[in-house]
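**Q** Chains U and F, in that order, give the protein sequences.
For reference, each letter of the first sequence is one residue, going 133 to 473 in our numbering.
For reference, each letter of the second sequence is one residue, going 133 to 473 in our numbering.
Among the hints, a few may not be true.
Note that identical chains are pooled: a pair holds if it fits in a single copy or bridges any two copies.
Claimed, not checked - Dumping the calculated EDC-like pairs for lysine to aspartate or glutamate here, alpha-carbon to alpha-carbon at most 20 Å:
| hint | residue 1 | residue 2 |
| --- | --- | --- |
| 1 | Lys279 | Asp233 |
| 2 | Lys300 | Glu181 |
| 3 | Lys433 | Glu317 |
| 4 | Lys345 | Glu317 |
| 5 | Lys445 | Glu303 |
| 6 | Lys194 | Glu303 |
| 7 | Lys300 | Asp233 |
Think of the hints as simulated: they come from the structure by calculation, not from any bench.
Protein chains: 2
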Amino acid sequence: MNTKNIIATAIAAVAISGCATHATNPLEGPLTIAKQGSFFVGGRDVQSETLSTLPAYLPSGKVTVDQVYVHYQIPAVPAGKPITLIHGCCLTGKTWETTPDGRMGWDEYFLRKGYPVYVIDQAWRGRSAANITAINAVKMGKEAPDKLLTVFAAGHEGAWAIFRFGAKHPEVFPGMQFPLEAQGEFWKQMVPDFLQALPTPNPTVPALSELAKKLNGTILMSHSQSGIFPFQTAALDTAGIAGIVSIEPGACPSATGDLKPYAGLPILVLFGDYVDLSTRWAPRLKACREFVQAANLAGGKAELVVLPDLGIKGNSHMLMHDRNSLEVAAWLDSWILRNVR
Amino acid sequence: MNTKNIIATAIAAVAISGCATHATNPLEGPLTIAKQGSFFVGGRDVQSETLSTLPAYLPSGKVTVDQVYVHYQIPAVPAGKPITLIHGCCLTGKTWETTPDGRMGWDEYFLRKGYPVYVIDQAWRGRSAANITAINAVKMGKEAPDKLLTVFAAGHEGAWAIFRFGAKHPEVFPGMQFPLEAQGEFWKQMVPDFLQALPTPNPTVPALSELAKKLNGTILMSHSQSGIFPFQTAALDTAGIAGIVSIEPGACPSATGDLKPYAGLPILVLFGDYVDLSTRWAPRLKACREFVQAANLAGGKAELVVLPDLGIKGNSHMLMHDRNSLEVAAWLDSWILRNVR
């Protein structure tokens with residue numbers, strides 16, 4: 133029986149048990165939701181004299197910034213801890229929805245598997261407001277141009293290598309599973325990123341802590357630039373954090389830093405394929421291995437998995453969009469079932 | 133039919149027959165969805181030399197901008213044309229979701245009434261990328277500060293009067309129905325707005341036309357700054373537009389302009405309460421009355437409704453958040469049933 137057949141059998145089994153017990157929605161057919169909606173966590177009011185250069189809007193006043201948008205869906209019969217999905221650089225919560233080639237996203241996959249799912253937009257991105265008053269301060273001549281906010285847009289060519297579609301644009305790694313025929317739809321997901329204008333930790337981190345406490349137990353699943361956020365959240369306060377799944381993190385905590393916050397927390401760090409072929413990613417994988425080893429020596433329950441070691445091959449940095457995205461998600465589901473109470 | 137297909141079909145049949153006596157989901161209890169997801173419409177690639185001022189991201193490359201994010205949900209048993217919800221100034225698609233005080237948003241209301249619901253983020257806002265290259269051109273010294281993009285943030289105090297919570301901050305109109313006790317959550321919805329940096333029509337307009345054609349018939353429901361968008365979309369091409377519901381539009385088309393695009397289209401322009409008390413809104417209502425009259429003389433099927441004339445009182449500019457938001461939505465549902473085939 134090959135992998136595909138095993139998965140098909142597993143899906144059929146889940147579908148049958150889902151039908152009998154209503155514990156989960158099967159992966160096809162109607163989806164039954166107990167409750168859905170959206171709200172914000174975090175945020176602070178700031179007073180500014182440079183809100184606007186337009187007559188119709190006052191330059192002076194108060195705005196609210198640093199909040200984090202959260203959209204959620206709770207399945208009819210929840211069968212697991214809530215999963216909070218945290219996107220990476222130059223992207224928004226859209227990351228986790230429908231793949232660029234139109235297949236089911238991980239948001240719906242985990243929902244159908246019985247998890248309440250919470251999808252955020254990081255502070256200053258997507259539906260979470262940026263503070264643009266420093267731009268208008270320059271436009272009004274109150275500040276010099278070098279005081280402009282640092283903002284960047286990742287171009288397609290540079291992003292190609294960062295996302296490990298190939299060593300460099302437009303080369304493609306052999307067997308690479310990102311659906312490149314739909315790359316146009318993927319580039320539309322990318323947004324400008326103010327992350328370098330923000331303090332460390334990013335305001336998203338305390339907002340995640342607020343969310344974790346509100347949910348009274350959630351798995352923080354992060355990706356890439358946000359890979360470190362669940363660890364930073366745990367360092368603030370472990371309350372409400374049921375586990376950490378960090379997918380292709382841009383950084384792990386230092387192996388020589390304070391590892392106490394991670395003791396006892398189920399932690400998974402996951403990487404895809406071709407990592408050793410990337411000068412950007414290979415050192416990050418190495419540093420994460422060192423962190424996981426050190427965390428376990430300090431009483432942790434951390435695990436680092438590189439998918440090819442499991443026989444799952446061809447994954448780019450955008451695992452949740454790859455052709456085998458649901459195979460990866462199914463493995464994550466099984467990891468969570470084994471490791472998170 | 134293989135076993136998996138038989139099971140999936142059986143589950144689907146059970147799920148659908150479970151609500152066979154209801155064409156729609158009731159307003160309480162589990163929600164059954166046939167399909168949900170997200171995609172983009174519109175968008176174009178631009179080449180830039182000022183994408184980034186950071187060493188980690190190349191300044192030169194291609195990015196995609198002007199696209200419009202669309203999130204959709206289709207009920208198990210659709211019972212109406214799709215509704216496309218288009219938010220207004222300084223806001224995102226969040227407008228239509230959970231109200232600031234935690235009640236059901238219009239996105240879910242119309243879904244439960246049987247409409248497929250499509251919620252967008254306007255171009256350059258929310259999950260739809262802005263083009264920030266002009267900001268970096270100034271930061272790099274390639275352009276003068278006055279070439280900076282026009283962007284503004286509406287402050288709480290100014291927005292107070294624009295949203296007609298009262299004549300001016302912090303006064304409150306008597307009987308006003310916006311849930312002010314939850315204003316903190318509402319301010320978090322507001323985002324900076326680049327709309328003044330965009331051409332007319334806004335790139336959202338051709339994107340809406342693409343969406344309307346894709347859906348082969350949708351009601352374009354707009355609000356405030358986007359109030360004019362459905363009309364501008366119809367002026368481009370009426371294909372796929374089943375009707376227009378323009379809620380408190382910032383502007384209606386000119387009564388003396390070309391009215392041919394609107395002939396035969398079911399059109400509703402809706403206003404809330406206290407309009408005559410607002411120097412900003414009273415002239416807009418007057419101009420919309422003139423447009424509706426002229427459109428009808430030119431063979432149109434347009435209607436202008438001011439809610440207090442129906443006995444529905446106290447509505448602010450944010451009708452979809454007001455305490456009686458579902459009463460207003462129910463009236464809109466009945467208007468659509470009467471007017472849109």
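**Q** Indicate which option fits the pair Lys433, Glu317 if close means a Cα-Cα distance not exceeding 20 Å: within, between, both or neither.
**A** Neither: 38 Å inside a chain and 37 Å across chains, both beyond 20 Å.
**Q** One pair to classify: Lys345 and Glu317, alpha carbons no more than 20 Å apart. Within, between, both, or neither?
**A** Between copies only: 18 Å across, 35 Å inside.
**Q** From the Cα coordinates, with 20 Å as the cut-off, is the pair Lys279 and Asp233 best called within, between, both, or neither?
**A** Intra 40 Å, inter 38 Å, cutoff 20 Å: neither.
**Q** How would you classify Lys300 and Glu181 at a CA-CA limit of 20 Å: within, between, both, or neither?
**A** between (45 Å within a copy, 19 Å between copies)
**Q** Pop the pair Lys194 and Glu303 into one bin, within, between, both or neither, using alpha-carbon distances up to 20 Å.
**A** Between copies only: 17 Å across, 49 Å inside.
**Q** With 20 Å as the alpha-carbon cut-off, assign the pair Lys300 and Asp233 to within, between, both or neither.
**A** neither (22 Å within a copy, 49 Å between copies)
**Q** For Lys445 and Glu303, with the copy left unspecified, which applies at a CA distance of at most 20 Å: within, between, both, or neither?
**A** Answer is within; shortest intra-copy Cα gap is 18 Å, inter-copy 62 Å.
Hint compliance for this structure: hints 1, 3 and 7 are not met, and every other hint is.
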